[in-house]
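Student: Here are the chains, one letter per residue:
Number of protein chains: 2
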Amino acid sequence: MKARVTVTLKNGVLDPQGKAIEGGLAALGFAGVGHVRQGKVFDIELSGRSAEQARADLAEMCEKLLANTVIENYAIEIV
Amino acid sequence: MKARVTVTLKNGVLDPQGKAIEGGLAALGFAGVGHVRQGKVFDIELSGRSAEQARADLAEMCEKLLANTVIENYAIEIV
Chain A
1 MKARVTVTLK NGVLDPQGKA IEGGLAALGF AGVGHVRQGK VFDIELSGRS
51 AEQARADLAE MCEKLLANTV IENYAIEIV
Chain B
1 MKARVTVTLK NGVLDPQGKA IEGGLAALGF AGVGHVRQGK VFDIELSGRS
51 AEQARADLAE MCEKLLANTV IENYAIEIV
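Protein chains in written order, with the UniProt record's numbering: chain A, 1 to 79; chain B, 1 to 79.
A hint or two may mislead.
Note that identical chains are pooled: a pair holds if it fits in a single copy or bridges any two copies.
[Claimed, not checked] In silico BS3-like links for lysine-lysine, alpha-carbon gap of 30 Å or less:
1) 40 to 19
2) 64 to 19
3) 10 to 64
4) 40 to 2
To be clear, the hints were calculated from the coordinates, so they are not data collected in a lab.
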């Protein structure tokens with residue numbers, strides 16, 4: 001089974017990388033571009049689990065390793 | 001309008017960061033975890049465009065700045 005975990009910064013957390021991309025897009029001449037926020041995505045292959053169990057394990061992986069839950073949100077999607 | 005651009009490494013391109021995460025998850029005791037691939041996600045606010053035009057502009061942004069199309073694929077989603 002394949003899963004996709006998306007980790008994004010929480011609202012209100014500064015995102016200098018996103019700001020730099022905003023500046024880059026403006027410099028390239030793209031008008032009407034508002035805020036840009038950058039996040040991470042993890043494509044993970046899992047075996048020997050039900051979808052239910054996979055979801056629980058992925059949440060634990062996020063809490064322990066994939067996301068910094070002080071400043072980041074995560075979303076789990078079984079593909 | 002909001003859009004999400006997901007940039008992932010093409011198949012066959014080495015992903016040392018993904019490998020490190022695989023090792024980390026194994027070290028934390030998660031069994032049955034196969035390949036892990038890491039990518040990037042960009043949440044972009046756009047204004048003054050139709051969905052069609054936004055999609056075209058986002059593709060151009062990916063080609064010019066957001067993705068290295070030699071080694072990366074990108075997917076555009078209007079939210």
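Student: Now tell me, hint by hint, if it's right for this structure.
Tutor: Cross-check of the supplied hints:
no.: 1; hint: 40 to 19; result: both (16 Å within a copy, 15 Å between copies)
no.: 2; hint: 64 to 19; result: both (28 Å within a copy, 17 Å between copies)
no.: 3; hint: 10 to 64; result: both (17 Å within a copy, 27 Å between copies)
no.: 4; hint: 40 to 2; result: both (17 Å within a copy, 17 Å between copies)
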